[in-house]
Amino acid sequence: MMSLASYLIISLVLFIVGLTVMIARKNIVAILLGIELVLNAAALNFVAYSKYVTNNLDGHVFSLFIIVIAAAEAAVGLAIVIRFFQIKETIHIDEATQLRN
Amino acid sequence: MFAQFLFIASALLTVGSAIAVAVTKNIMHSCIFLLGSLLGIAGLYATLGADFVAVTQIMVYVGGVVILMLFAVMLTGGKDFVSRAQNLLGLAPAMGNKFTYAVGILVAIVFAATNIKILMNLPSAPAAAAANSEAFPSTVREIGFLLTKNHVLAFELSSVLLLGALVGAAIIARPKKH
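Each protein sequence line maps, in turn, to chains Z and P.
Quick note: the first sequence, position 54, residue 54 per the UniProt record's numbering, numbers continuous.
Quick note: the second sequence, position 159, residue 159 per the UniProt record's numbering, numbers continuous.
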């Protein structure tokens, strides 16, 4: 039951769901939720391979770095979202056209 | 036995909550389901013997990131934008027409085949990992040694990155001056 393949399948489902959220949603905060899911899928893969294949703890350390990067990304991304809402009065992704021309 | 129960419960919580994040129309409910999914991933870390990573996941994500997301949703009105054209299943607001769905199905087939190929070539678990798979030894001491010996440069750089990101976020999100 608890094998490397089961963890990889869970991670695959998380990755696909995160990608779907990033593509299908029109709300910028929802897109950030999808990015969090994708990053968590990657971190879960690192820890699973660290237990079942390499037998050392480098995967754990890399997973911790992923968590740190995700926290920084969430802080900056949400600050940008709030600034965008202050300027445009909406957080629909189709309104983000400032760099189009 | 306990590890099996924890694994099954965590896997169900993770996958179910992640799918609920995708199909829920209310963005606030999506945030709460993301919290459930992240808690499930912490449980999966615990079944892998990564106790320190599991605790860090709970503290950083559930205590920090999801709260930040909830604040952002509340500060921006909490509206989700349902597009006029519903998708095939009528679940989430989606873009696309028949062409994009066809391309998406093709990409999904290729992606699934690639992953099946990778899964068929998995190395079998080493005997040492199979022997202590039920035990939960502490990893805090080894992770501390690794962070201050092998990965010390990345550790310091991540602290500088976190400081810069938080100061930058505070500067970007400050209210407009009149």
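Quick caveat, the hints were computed from the structure, so don't treat them as lab data.
Note that the Cβ used here is the ideal one computed from N, Cα and C, for glycine as well.
Worth double-checking, as some hints may not be accurate.
Simulated restraints, written as ranges between beta carbons of each label pair [unchecked claim]:
1) P/LYS25 - Z/ASN101: 31 to 37 Å
2) P/GLY104 - Z/ASN101: 28 to 34 Å
3) Z/ALA5 - P/LEU161: 30 to 36 Å
Keeping only pairs whose Cα atoms sit at most 27 Å apart, straight-line, the calculated DSSO-like set for lysine-lysine is [to be verified]:
4) P/LYS25 - P/LYS117
5) P/LYS25 - Z/LYS88
6) Z/LYS26 - P/LYS25
7) Z/LYS88 - P/LYS176
8) P/LYS98 - Z/LYS26
9) Z/LYS88 - P/LYS177
10) P/LYS149 - Z/LYS26
11) Z/LYS88 - Z/LYS26
For each hint, the structure was consulted:
no., hint, result
1, P/LYS25 - Z/ASN101: 31 to 37 Å, "holds, 33 Å"
2, P/GLY104 - Z/ASN101: 28 to 34 Å, "holds, 30 Å"
3, Z/ALA5 - P/LEU161: 30 to 36 Å, "holds, 34 Å"
4, P/LYS25 - P/LYS117, "violated, 35 Å"
5, P/LYS25 - Z/LYS88, "holds, 22 Å"
6, Z/LYS26 - P/LYS25, "holds, 11 Å"
7, Z/LYS88 - P/LYS176, "holds, 13 Å"
8, P/LYS98 - Z/LYS26, "holds, 19 Å"
9, Z/LYS88 - P/LYS177, "holds, 16 Å"
10, P/LYS149 - Z/LYS26, "violated, 44 Å"
11, Z/LYS88 - Z/LYS26, "holds, 15 Å"
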